[in-house]
Amino acid sequence: MLEVLAERFNYAVIIVLMMVGLYAVIATGNLVKRLVGLSIFQTSVFLLYISVSKVFGGAPPIFDYKDLAYDKLDPNAIYSNPLPHVLILTAIVVGVATLSVGLALVVRIREAYGSIEDDTLAEADYSLELEKGV
Amino acid sequence: MMSPHVILRVVAKVLIPLIIVYGFYVHFHGEYSPGGGFQAGVVLASAIILYALIFGLDEARKVFPPYWARVGMALGGFIYASVGFVSLIMGGKFLEYTVFHPDVAHGTGQHIGIIAVEVGVLTTVTCVMIAIFYAFAGRTPEISDEDW
Amino acid sequence: MSASDITQYFDYIFMAMLLCIGIAVIRLRNLFAVVMLTGAYSLISAAWFVSLDAVDVGFTEAAVGAGISTVLLLGAMLLTSREADKTSLGRHAAAAVVTIAAGAGLFYALGDMPVYGDAASPANTGVGMEYVDLTAEQIVIPNVVTAVLASYRGFDTMGEVFVVFAAGLGVALLIGLGGSKREED
Chain A
1 MLEVLAERFN YAVIIVLMMV GLYAVIATGN LVKRLVGLSI FQTSVFLLYI SVSKVFGGAP
61 PIFDYKDLAY DKLDPNAIYS NPLPHVLILT AIVVGVATLS VGLALVVRIR EAYGSIEDDT
121 LAEADYSLEL EKGV
Chain B
1 MMSPHVILRV VAKVLIPLII VYGFYVHFHG EYSPGGGFQA GVVLASAIIL YALIFGLDEA
61 RKVFPPYWAR VGMALGGFIY ASVGFVSLIM GGKFLEYTVF HPDVAHGTGQ HIGIIAVEVG
121 VLTTVTCVMI AIFYAFAGRT PEISDEDW
Chain C
1 MSASDITQYF DYIFMAMLLC IGIAVIRLRN LFAVVMLTGA YSLISAAWFV SLDAVDVGFT
61 EAAVGAGIST VLLLGAMLLT SREADKTSLG RHAAAAVVTI AAGAGLFYAL GDMPVYGDAA
121 SPANTGVGME YVDLTAEQIV IPNVVTAVLA SYRGFDTMGE VFVVFAAGLG VALLIGLGGS
181 KREED
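Chains as they are written, first to last, in this note's numbering: chain A, 1 to 134; chain B, 1 to 148; chain C, 1 to 185.
FYI, nobody ran anything at the bench for these hints, they're computed from the structure.
Quick caveat: nothing in here was measured; it's all calculated off a predicted structure.
Incorrect hints may appear among the rest.
20 angstroms max Cα-Cα, derived DMTMM-like pairs, lysine to aspartate or glutamate [unchecked claim]:
| hint | chain 1 | residue 1 | chain 2 | residue 2 |
| --- | --- | --- | --- | --- |
| 1 | A | Lys72 | C | Asp156 |
| 2 | B | Lys93 | C | Asp11 |
| 3 | B | Lys93 | B | Asp103 |
| 4 | A | Lys132 | C | Asp11 |
| 5 | C | Lys86 | A | Asp118 |
| 6 | C | Lys86 | A | Asp64 |
| 7 | A | Lys66 | C | Asp5 |
| 8 | A | Lys66 | C | Glu137 |
| 9 | B | Lys13 | B | Asp58 |
| 10 | C | Lys86 | A | Asp119 |
| 11 | A | Lys72 | C | Asp133 |
| 12 | C | Lys86 | A | Asp71 |
| 13 | B | Lys93 | B | Glu59 |
If we strip away everything but chain A, and leave its shape as in the complex, we get (with noise of 0.2 angstroms):
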């Protein structure tokens, strides 16, 4: 069981980041606030893939341009994988592009209700369907 914890002791701790973001996103009610929460922890799934893709004694994969250009490249040399990387390195330009999309909503919602408290919110839209007669 130790051991287990101790092999994997890094995605513990990104289990761990990744519930403070959850805890961010529910423990408050402010709408800027709960995108911060939301941010952290698509950043803690980040973590966690690029932590899967390291290798011990591996180099960041990019070779020598000289090794490359002549053809004497080592065949022995450890590389850390690349896929995850590719995958993250755009997960996070879409990762801000989306927050911006939310920003932009918290904004609007702001501007219609003058709050962006979310029981403020559904106050205000509980009198609105009272004054509607719903």
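Use these hints to put chains B and C onto chain A, whose structure you have.
Relative to the frame of chain A, chains B and C by itself:
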């Protein structure tokens, strides 16, 4: 409105050209070192954002009109997809870069394709980031400066 | 531990810093502090990415996470509010229950994860490592990540570019591009 911060203005004037040059270095050196279209796009956008933060949004709009950002957003995706269609027309599969150049052993066709595709990525990412920044900064904040 | 690497010692430092910042983000109610701490969080995770050999990812995270998204969060904070309301105790309890349940499920599955840093793990023996060998033969560029990004998975990246475009379009539809609004006034 001119910012009263002389030091910030002078430092920014030195830094912004360097940031832009670094952005293009990251872009075109992306095959040899860490970098590529995504990173370079963000670095270039941050140069415009720094300009807007220090010299004001209206000055930044003169340097990089929102119209460019709107066109560039779509243009980048268009460049990327058209590289794929060109490779189709030249007899390969969609986004198969080897057809661009007969020298397959040294991967010259691949190099051409990767550079062309990364230009598309760079255009879209830069313009989207600048457009998003303009969108947020263009709204007049309800909080007045005295409140800060 | 069977294998080890010098970078493991960096890991512990980064983990400790990230946990401290995460807990501070939960506790703080001043949104300005929260946003600035998020920038620091991104920067530290970028440093950890570099230590985990993902130099491209670290670069991207430093530029995007610590740069652009901090600016965007600051801009959004300026347009909305600067202080989060106090949350009720019941809400904290509910959050704790959900978080602990989700965390317990993940910890239960922890034993199934590949061993950290293992070159022979299933994740590190498949197509990912083949790309390293194939890039030297077929693409002939030094940076394997760029080769996979733009050539082997070019179609995937095209989709990502369109997602970024769609996000820009979404922001433009929601709050306008800020270009014409002032001229109308």
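Comparing the hints with the structure gives:
1. At most 20 angstroms may separate the alpha-carbon atoms for a hinted pair to count; A:Lys72 and C:Asp156 exceed this at roughly 32 angstroms.
2. Taken as a hint, the B:Lys93 and C:Asp11 pair is broken in the structure, with Cα atoms around 43 angstroms apart against an allowance of 20 angstroms.
3. Proximity of B:Lys93 to B:Asp103 is assessed by CA-CA distance (about 18 angstroms); at most 20 angstroms being required, the pair is judged to hold.
4. In summary, the hint linking A:Lys132 to C:Asp11 is not supported, as the alpha carbons are separated by about 57 angstroms, beyond the 20 angstroms threshold.
5. Proposed proximity of C:Lys86 and A:Asp118 is supported: the alpha carbons are some 12 angstroms apart, at most 20 angstroms.
6. Pair hint C:Lys86 plus A:Asp64 does not hold up; C-alpha atoms about 55 angstroms apart against a cutoff of 20 angstroms.
7. For the given pair, A:Lys66 sits about 27 angstroms from C:Asp5 by alpha-carbon distance, which is inconsistent with the 20 angstroms threshold.
8. Proposed proximity of A:Lys66 and C:Glu137 is supported: the alpha carbons are some 15 angstroms apart, at most 20 angstroms.
9. The hinted pair formed by B:Lys13 and B:Asp58 meets the criterion: a straight-line CA distance of about 17 angstroms does not exceed 20 angstroms.
10. With a C-alpha separation of about 11 angstroms, the suggested pair C:Lys86 and A:Asp119 falls inside the 20 angstroms cut-off, and the hint holds.
11. The hinted pair formed by A:Lys72 and C:Asp133 meets the criterion: a straight-line CA distance of about 13 angstroms does not exceed 20 angstroms.
12. Proposed proximity of C:Lys86 and A:Asp71 is contradicted: the alpha carbons are some 63 angstroms apart, above 20 angstroms.
13. Restraint check for B:Lys93 and B:Glu59: not satisfied, since their Cα atoms lie roughly 46 angstroms apart, outside the 20 angstroms limit.
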